[in-house]
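K.L.:
What follows is each chain in one-letter form.
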Amino acid sequence: MSDNRILETLAGQGITRRAFLKYCATLASLMALPPSAGKAFAEALGNAPRPSVIWLPFQECTGCTEAITRSHSPSIEGMIFDMISLDYQETLMAAAGHQAEAALHAAMERNHGKYILIVDGSVPLGLDGAYSCIAGRSNLETLKEVAAGAAAIVAMGSCAAYGGLPKAKPNPTGAVAVSDVIKDKPIVNIPGCPPIPVVMTGVLAHYLTFGSLPELDKLGRPKAFYGETIHDRCYRRPFYDQGKFAKTFDDEGARKGWCLFELGCKGPVTYNACASVKWNGGTSWPVESGHGCLGCSEPDFWDAGSFYKALSMPARPLKMAAGAAVAGAVAGVAIAVSNKARKGAAKTAHEKTTLADLEKSS
Amino acid sequence: MALLDIPVVTEQGPLTGNARAVLGEVETLLDSLLRTGDGGIVDIRGLPLTAADRGWLKAQLGKGEVEIHLDIGGHSSILETAYPAVWWIEHRDEGGNLVSEFIQVAYVPELISAHPDDVESGLEHLRNRNADLS
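Protein chains in written order, with this note's numbering: chain R, 1 to 362; chain H, 1 to 134.
I should point out that these hints are in silico values taken from the structure, not numbers from a laboratory.
For every residue, glycine included, the Cβ atom is placed at its ideal position computed from N, Cα and C.
Any given hint could turn out to be false.
[To be verified] Only pairs whose alpha carbons sit at most 25 angstroms apart, straight line, appear in this in silico SDA-like list of lysine to any residue:
1) K278(R) / R92(H)
2) K39(R) / I72(H)
3) K39(R) / N97(H)
4) K39(R) / L70(H)
5) K39(R) / G39(H)
6) K278(R) / I78(H)
7) K223(R) / E101(H)
8) K39(R) / E27(H)
9) K39(R) / L30(H)
10) K58(H) / P34(R)
[Unchecked claim] Which chain R residues stay away from chain H? Per the calculated CB distances, all over 12 angstroms, these:
11) R50
12) L92
13) G97
14) A102
15) K114
16) A130
17) G136
18) R137
19) L140
20) E141
21) N171
22) C193
23) P214
24) G243
25) S306
26) S312
Turn these sequences into a full structure, and let the hints guide you.
P.N.:
Dropping the structure here:
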């Protein structure tokens with residue numbers, strides 16, 4: 001741990017106590033904690049030492065790092081870099097090569113058992129991990145070594161949390177999640193492609209304030225941010241309840257901001273905080289920009305069927321139709337014919353789901 | 001082009017009745033402040049309020065005598081409502097986006113009070129200034 005207290009470090013950056021109180025109140029609000037928790041955050045965080053953080057990027061696209069570092073500064077998201085001692089992040093650090101590896105091992109030794117490990121990217125197991133290596137060592141080797149001395153692990157992004165895009169079928173590199181490799185350390189998953197930056201701030205702030213990870217759901221995600229579906233918090237939800245749906249991306253319903261369910265929005269089955277936290281400094285989020293949720297914070301979202309198919313339609317219609325045909329059911333044959341036609345149409349043109357399609361499939 | 005320049009018009013949503021419950025909570029907190037000295041805070045953004053609900057709530061609470069504006073990592077405002085000791089607090093980021101919003105029931109919102117450590121630091125600076133001037 002660094003000797004510097006967080007509030008002292010922030011004061012050196014020109015951030016006043018009142019600004020810090022404001023950030024903590026906002027953070028508590030974002031984490032759906034009682035409003036009084038803002039004061040608890042401020043008191044505990046202000047006096048806490050800056051924790052050592054080691055951040056390992058594995059099989060990833062750097063989108064998670066971009067999402068956090070491109071946030072407006074000083075923002076609630078960006079402030080995390082003032083609250084921690086980031087001792088290793090090969091994309092951001094000035095050191096390279098042997099110097100960078102020396103910094104990693106020095107931080108591990110100095111803070112053994114106390115540092116927080118952040119991982120973004122999946123871990124490839126194929127060919128003994130040879131698909132992704134850093135400093136001549138596989139990600140698998142590095143993860144096992146660094147995780148051994150960590151107090152807790154944060155799996156940032158859907159790749160680290162679930163395997164993500166590298167794990168998409170046919171998963172050529174044998175990609176797996178961090179939790180598939182490490183079984184003896186507390187792990188918090190922060191999925192999303194990319195994840196919402198402030199979630200990481202919230203998790204680390206919670207850890208520093210209360211000395212424990214926040215309450216997690218069955219997929220290891222902090223309930224404060226992943227406790228409700230996108231649909232639950234969507235400002236277009238009243239239109240869903242009223243049965244008002246956009247049928248295409250440019251019809252009158254779309255212009256009036258009606259519900260995007262029929263255009264394939266995965267909001268009803270996706271747990272994330274985009275609807276309340278938003279993106280780009282609170283400017284907007286996918287549904288507000290007119291596109292349905294892709295479900296990127298759920299496992300295997302890339303293999304879950306078309307982004308533009310309504311949830312009420314079968315996820316794998318061709319597979320279902322084949323099974324029915326083998327059984328010799330007349331209805332199954334009809335579905336198979338229907339699916340074949342739908343597949344052909346989807347190949348030749350951008351697939352649009354209309355209310356008529358939904359009625360046919362029900 | 002700013003977001004507001006894009007010609008998309010969304011409906012504000014209906015009055016759900018949830019804001020009425022918030023008004024009841026404020027009444028309870030105000031009563032507690034008088035009896036025990038402890039008020040409380042309501043997190044507006046954590047409640048399922050439509051834009052219409054929020055507007056209704058703000059209109060019901062009205063406007064009081066005191067307005068405080070702070071520039072602390074973005075603009076913040078603390079406005080007294082028509083009910084003394086009931087404050088409507090808005091925090092914005094440097095881009096002007098609303099990041100959190102509260103109703104606080106307190107004689108004086110604690111964000112306004114100076115912290116003893118800061119007062120001590122200020123006193124030291126003032127002593128140094130006076131010493132330099134003498």
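K.L.:
Look at each hint and say if it fits the structure.
P.N.:
Consistency of the hints with the structure:
Distance restraint check for K278(R) and R92(H): the Cα-Cα separation of roughly 14 angstroms lies within the 25 angstroms cut-off, and the hinted pair is therefore satisfied. Simply put, K39(R) and I72(H) have alpha-carbon atoms about 17 angstroms apart, close enough for the 25 angstroms limit, and the pair holds. A hinted pair counts as satisfied when its Cα atoms are at most 25 angstroms apart, and K39(R) with N97(H) qualifies at roughly 22 angstroms. Restraint check for K39(R) and L70(H): satisfied, since their Cα atoms lie roughly 18 angstroms apart, inside the 25 angstroms limit.
Distance restraint check for K39(R) and G39(H): the Cα-Cα separation of roughly 14 angstroms lies within the 25 angstroms cut-off, and the hinted pair is therefore satisfied. At most 25 angstroms may separate the alpha-carbon atoms for a hinted pair to count; K278(R) and I78(H) meet this at roughly 24 angstroms. Taking the CA atoms of K223(R) and E101(H), the gap is near 21 angstroms; set against the 25 angstroms cutoff, the hint holds. Our distance criterion of 25 angstroms between C-alpha atoms is met by K39(R) and E27(H), whose separation comes to about 23 angstroms.
Note on K39(R) and L30(H): the hinted pairing holds, with a Cα-Cα distance of about 20 angstroms set against a maximum of 25 angstroms. For the hint linking K58(H) to P34(R), the alpha-carbon distance of about 21 angstroms falls within 25 angstroms, and the restraint holds. With a least CB separation of 19 angstroms from chain H, R50(R) remains clear of the 12 angstroms interface cut-off, as annotated. For L92(R), the non-interface assignment is confirmed: its Cβ lies about 22 angstroms from the closest Cβ of chain H, beyond the 12 angstroms cut-off.
Under the 12 angstroms C-beta cut-off, the non-interface status given to G97(R) relative to chain H holds; the minimum distance is some 37 angstroms. Every C-beta of chain H lies more than 12 angstroms from that of A102(R), the closest at about 36 angstroms, which supports listing it as non-interface. The Cβ of K114(R) sits about 27 angstroms from the closest Cβ of chain H, beyond the 12 angstroms cut-off, so the non-interface label holds. Annotated as non-interface, A130(R) keeps its C-beta farther than 12 angstroms from every C-beta of chain H; the closest such distance is 44 angstroms.
Listed as a non-interface residue, G136(R) keeps its Cβ farther than 12 angstroms from every Cβ of chain H; the least gap is roughly 43 angstroms. With 12 angstroms as the threshold on Cβ separation, the claim that R137(R) sits away from chain H holds: the shortest Cβ distance comes to roughly 41 angstroms. Listed as outside the interface, L140(R) is consistent with that label: its C-beta sits roughly 40 angstroms from the nearest C-beta of chain H, beyond the 12 angstroms cut-off. With a closest Cβ-Cβ approach of about 41 angstroms to chain H, E141(R) is found to remain outside the 12 angstroms limit, as its non-interface label requires.
A cut-off of 12 angstroms between C-beta atoms confirms that N171(R) is not in contact with chain H; the least separation is 39 angstroms. Here C193(R) stays apart from chain H, with its beta-carbon at least about 23 angstroms from theirs, past the 12 angstroms limit. Residue placement check: P214(R) keeps its beta carbon more than 12 angstroms from all beta carbons of chain H (closest about 16 angstroms). No Cβ of chain H approaches the Cβ of G243(R) within 12 angstroms, the least distance being about 14 angstroms, so the stated non-interface status holds.
In this structure S306(R) is separated from chain H by more than 12 angstroms, as the shortest Cβ-Cβ distance comes to about 25 angstroms. Interface exclusion of S312(R) from chain H stands, the closest Cβ pair being 24 angstroms apart, more than 12 angstroms.
The structure fails none of the hints (numbered hints given earlier).
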